[in-house]
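Novice: Residue-level listing of the chains:
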Amino acid sequence: MSDIRKELKYLSSHEWARIEEDGTVTIGITDHAQDALGDVVFVETPEVGSRVAVGEEAGVVESVKAASDIYTLVSGEVVAVNEALQDAPETVNSSPYDDGWFFRVKPDDLSELEEALDAAEYRELLESDE
Amino acid sequence: MGNKTALYATHQAMGGKLVDFGGWDMPLHYGSQIEEHHKVRKSAGMFDVSHMTVVDVTGNDAKAYLQYLLANDVAKLDSLLGKALYSGMLNHEGGVIDDLIVYNLGDWYRVVVNCSTREKDLAWMNQVAEKFSVVITERPELAMIAVQGPEAIRIASSLVSADQAAVIASLKIFQGLPAGDLFIGRTGYTGEDGLEIMLPSEKAAVFWQALADAGVAPCGLGARDTLRLEAGMNLYGHEMDEGISPLAANMGWTIAWQPAERDFIGRPVLEAQKAAASTQKLVGLVLRERGVLRAEQIVSVDGSDEKGVITSGTFSPSLGYSIALARVPRSIGSHCQVEMRGKQVTVEVVAPNFVRNGKAVI
Chain A
0 MSDIRKELKY LSSHEWARIE EDGTVTIGIT DHAQDALGDV VFVETPEVGS
50 RVAVGEEAGV VESVKAASDI YTLVSGEVVA VNEALQDAPE TVNSSPYDDG
100 WFFRVKPDDL SELEEALDAA EYRELLESDE
Chain B
0 MGNKTALYAT HQAMGGKLVD FGGWDMPLHY GSQIEEHHKV RKSAGMFDVS
50 HMTVVDVTGN DAKAYLQYLL ANDVAKLDSL LGKALYSGML NHEGGVIDDL
100 IVYNLGDWYR VVVNCSTREK DLAWMNQVAE KFSVVITERP ELAMIAVQGP
150 EAIRIASSLV SADQAAVIAS LKIFQGLPAG DLFIGRTGYT GEDGLEIMLP
200 SEKAAVFWQA LADAGVAPCG LGARDTLRLE AGMNLYGHEM DEGISPLAAN
250 MGWTIAWQPA ERDFIGRPVL EAQKAAASTQ KLVGLVLRER GVLRAEQIVS
300 VDGSDEKGVI TSGTFSPSLG YSIALARVPR SIGSHCQVEM RGKQVTVEVV
350 APNFVRNGKA VI
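For the record, the sequence lines run as chains A and B.
Following numbering that gives the first Met the number 0, the numbering of the first sequence begins with 0 at its first residue and continues without gaps.
Following numbering that gives the first Met the number 0, the numbering of the second sequence begins with 0 at its first residue and continues without gaps.
It should be emphasised that the hints constitute simulated quantities derived from the structure, not laboratory data.
Glycine included, every Cβ here is placed at the ideal spot set by N, Cα and C.
A couple of the hints might just be wrong.
Here's a subset of chain B near chain A, in silico, CB distances under 10 Å, partners left out [what the hints assert, rightly or not]:
| # | residue |
| --- | --- |
| 1 | Lys16 |
| 2 | Leu17 |
| 3 | Ser31 |
| 4 | Gln32 |
| 5 | Glu34 |
| 6 | Gly221 |
| 7 | Arg289 |
| 8 | Arg340 |
The calculated label-pair distances, taken between Cβ atoms and stated as ranges, are [what the hints assert, rightly or not]:
| # | chain 1 | residue 1 | chain 2 | residue 2 | range |
| --- | --- | --- | --- | --- | --- |
| 9 | A | Ala52 | B | Val18 | 32 to 38 Å |
| 10 | A | Ser94 | B | Val360 | 54 to 60 Å |
| 11 | B | Lys41 | A | Glu82 | 24 to 30 Å |
| 12 | B | Val18 | A | Ser94 | 21 to 27 Å |
| 13 | B | Ser277 | A | Asp34 | 43 to 49 Å |
Make a model of the complete structure from these sequences and hints.
Specialist: In C-alpha cells, the structure reads:
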C-alpha cells in the first residue's frame with residue numbers, strides 16, 4: 000500500500016491538499032499517483048496570480064507513460080508554484096508530499112475542503128481499487 | 000496472470016514492477032526506467048528477453064527456404080560463420096508478418112522472432128516449409144539475457160569460462176556463436192555495443208544474479224522502449240504490421256533486391272511499390288519544447304490533405320526531450336504539425352535515428 004499522510008485531504012483523482020499555517024493551501028499528487036505515472040518528465044503549473052477552481056484543470060503532470068491533468072481541492076488565487084520541478088521533475092516521484100509540491104493557493108473559502116476525502120477515505124478508495 | 004520466464008521470481012525479488020507484455024508477466028522497471036536507461040548508455044544494463052521466440056532451421060534446403068521466406072538474403076551471411084542479419088518476413092501482399100534476426104551457423108540457421116507473434120510466425124514458417132526439405136524446431140527451453148552498454152561485454156566476459164570469453168572476444172558486431180551451453184550474439188536493441196546470451200532456462204537465474212553482483216543494472220521494458228526508440232529501431236505492431244509495407248517502415252535497406260532472380264515472398268508487390276514510390280515513409284520527429292509525443296497522434300503536413308500518424312513516441316532520457324517515429328506522406332518537409340491533447344504543435348522532422356553510441360545524432 001502506498002504512503003498516505005494522515006493530516007492531508009485528498010481527491011479521488013489522487014491530488015492532496017495541506018493547509019499551511021498562514022491559511023494558504025498547498026496542492027500536490029499522491030504517492031499512489033506518482034507510482035502509477037512512473038518517471039515524471041514535465042510538470043505544468045498555473046501562473047502565480049492566476050485563479051484556479053475546483054473541477055477545472057489547474058496543471059498537467061506528464062510522465063514517460065502518460066499525461067495527466069491536475070485538479071485543485073480549493074478555488075482561489077495561485078500565490079506560489081514549485082519552480083524546482085521545471086529542472087527536476089523527478090522530485091515528484093521521490094518526494095510527492097514534500098519537495099514535490101505543485102502549487103499553493105490563497106483559498107476563497109476553506110470550507111470547500113470539507114468536500115474532499117480524508118486520509119481514511121482515500122485509503123479505502125485505494126483498497127477498493129485493488 | 001500470464002506466462003512467466005525463468006527469471007520471474009528474480010524480477011520479483013529485485014523489486015520489478017511486473018506488467019503484462021504479449022501474454023507474459025515482465026518487469027516494466029525496478030524503480031526508475033529513466034535511471035535504467037542511463038545505466039545502459041553509461042555503463043551496463045541487462046534485459047530478460049526470454050519471452051522472445053528462438054527457432055532453428057535445419058535440413059538440406061535450409062538456405063533456399065530462408066532465401067524464399069525472407070526479404071533480406073541469407074546468402075550475405077556465407078562469408079562468416081555466425082554472421083547475422085536483420086530482415087522482415089513478409090506475406091504475399093508485401094505486408095510485414097514479423098521482423099527478426101537470423102544467424103548462419105554453417106549447416107543450420109537460428110532465427111529469433113518476436114514474442115507476441117510467436118504462434119502466427121511458427122504457423123507461417125511451417126506452412127512455407129512444406130515445399131522445402133527443412134526442419135523447423137522451436138527452442139522454448141532457452142532463456143535469453145541481453146547485456147548492453149559500454150561495459151557490458153567486459154563484465155559478461157569476466158563471468159564465463161576462458162573458452163567462452165575467447166568466443167566473445169572473437170565476435171564481430173552482428174555475429175553470434177555457440178560457446179559451451181551458451182549461444183552468444185553481439186547484437187542488441189539499444190544502439191549500444193553488447194551481447195544477447197541464450198542459455199538453458201535452469202541456469203538463467205544464477206547468471207542474472209552474477210551479472211547483477213558484477214554491477215550490471217537490471218532493466219525493464221520501459222527502458223527497453225526508450226533505448227530502442229532513441230536508436231531508431233522498429234517495434235513490431237507499432238512501426239509495421241501485416242498491413243504495412245517495409246518501404247513505409249524504414250526497412251527498405253533490409254530488402255535485398257539483388258540478385259534479381261531471387262524470388263522471395265512479397266517481392267512482386269514491393270517492386271511495384273518501389274517503382275511507383277507509392278507508400279508513405281517513416282521519419283523521426285523531435286519536440287524540443289515541453290511535452291511528450293505519443294503513438295497514434297495525427298500528423299499534418301503542409302500542402303497535403305493526407306495525414307500521417309505517430310507510430311511510437313516517448314521522452315528521450317539521453318536527449319532530454321521528446322522524440323517519435325511517424326509514418327507520413329513522402330512530401331513532408333523539415334517540419335510538420337502534431338495534434339497533441341487538442342492543440343496543433345509544430346515539430347521538427349529528421350531521419351529516423353536519434354542517438355548512437357551514447358551521442359545525439361540530431
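Novice: Of the hints given before, which are not true for this structure?
Specialist: Numbers 2, 10, in rising order.
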